[in-house]
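Asker: With these hints in hand, go ahead and build the complete structure from the sequences.
Chains as they are written, first to last, in the working numbering: chain A, 1 to 225; chain B, 1001 to 1092.
Hints should not be assumed to be uniformly reliable.
Unchecked claim - Result set (EDC-like, lysine to aspartate or glutamate): computed pairs, CA atoms no more than 16 Å apart in a straight line:
#  : chain 1 : residue 1 : chain 2 : residue 2
1  : B       : K1025     : B       : D1081
2  : B       : K1006     : A       : D30
3  : B       : K1006     : A       : E200
4  : B       : K1082     : B       : E1065
5  : B       : K1006     : B       : E1020
6  : B       : K1082     : B       : E1045
7  : B       : K1025     : B       : E1079
8  : B       : K1051     : B       : E1065
9  : B       : K1006     : B       : E1065
10 : B       : K1006     : A       : D198
11 : B       : K1082     : A       : E156
12 : B       : K1006     : B       : E1064
13 : B       : K1051     : B       : D1034
14 : B       : K1006     : A       : D202
15 : B       : K1006     : B       : D1081
16 : B       : K1082     : A       : D29
17 : B       : K1006     : B       : E1035
18 : B       : K1044     : B       : D1034
Think of the hints as simulated: they come from the structure by calculation, not from any bench.
Please read all numbers here as calculations on a predicted model, not as lab measurements.
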Amino acid sequence: MLGVGGLGCPAALALAEEMPDLRLVLVDDDRVERSNLARQILFTDREVGEPKALAAARRLSQLAPGIRAEPRIARFTSGSAKELLDGCDVLLDGTDDFETRFAANDAACALGIPLVHGAALAWTGQLLTVLPERGSCLRCLFEGPPPPGALPTCAEAGVASPLCGVVGAAMAGEAARLLRGGQPLALGRLHQWDALRDRERDVLVPRDPRCPACGLASRAAIRHP
Amino acid sequence: MAVTVKIPAPLRSLTQNQAEVTVEKAATVQAAVDELSRRFPGLKERLLDDKGALRRYVNIFRNEEDIRHGKSLQTALSEGDKLTIVPAIAGG
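Answerer: Written as structure tokens, this is what we have:
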């Protein structure tokens, strides 16, 4: 689980309760802030100031004693990806910056690890599941991350707390289906929520044969800072 | 021909908070973007780069289909089509 925030908390909780013998690696280099508490449901006042990965691992171990929750106070980059993903069967991405999201996509494609990409901004949510070699990926949909300031971040636009629960639970559902050999729902399609208007819709994400992450084109074309 | 354009949350500040906009006369996606630009200054710059191509972190779908996989901005439109603007979002 990349990012133990608004999406990572409900996703990890649902997955831990659903799969009691799970090994769950929680990657986050951030600390709990008071302003997080409304939507980051694994944390309380007592955890303010503590690294999110540590606090979440402890809370999940209390709630689902059978799981193995392993905290990693680390930033996910193309350089740290291989070590952080060692032994992992599915990668869930609920991080809050574009560079990390594209790094997660590229690492999943390069290492052949299924990726569940969940994102939320204000009242809008997105879900895309990537099965390397079998379907499209985030770079088939968007060629790359925006430059800083081009699009609002969640720090600027906020994230609606109820939407985090919805998207996080959907991410856990996709991961559980993948871990049990089932068919993910958001494979090759971007599922979108407009939670303010109570609308959901899918758009198709066909595989791009020129995609530098999952296609036949050279992966050397991708440059991470 | 009239088409409906769905505006994503990050761009609604440019459309007076409208989530859906109707464009009355647009034969192509490019024409629809031009019309949106006329009505909502600043929107085009968010969608297209300096060369007039779709920005790498924004996509447009005609009904369910990704226009990048077809004729991109020259994709023809039919009466009643729905255009959905989808930007990358990173919140979590």
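Asker: All the hints need checking, so say for each whether the structure fits it.
Answerer: Hint check results:
| no. | hint | result |
| --- | --- | --- |
| 1 | K1025/B - D1081/B | holds, 12 Å |
| 2 | K1006/B - D30/A | violated, 35 Å |
| 3 | K1006/B - E200/A | holds, 12 Å |
| 4 | K1082/B - E1065/B | holds, 10 Å |
| 5 | K1006/B - E1020/B | holds, 5 Å |
| 6 | K1082/B - E1045/B | violated, 21 Å |
| 7 | K1025/B - E1079/B | holds, 9 Å |
| 8 | K1051/B - E1065/B | violated, 23 Å |
| 9 | K1006/B - E1065/B | holds, 14 Å |
| 10 | K1006/B - D198/A | holds, 14 Å |
| 11 | K1082/B - E156/A | violated, 29 Å |
| 12 | K1006/B - E1064/B | holds, 12 Å |
| 13 | K1051/B - D1034/B | holds, 14 Å |
| 14 | K1006/B - D202/A | holds, 13 Å |
| 15 | K1006/B - D1081/B | holds, 11 Å |
| 16 | K1082/B - D29/A | violated, 41 Å |
| 17 | K1006/B - E1035/B | holds, 14 Å |
| 18 | K1044/B - D1034/B | holds, 7 Å |
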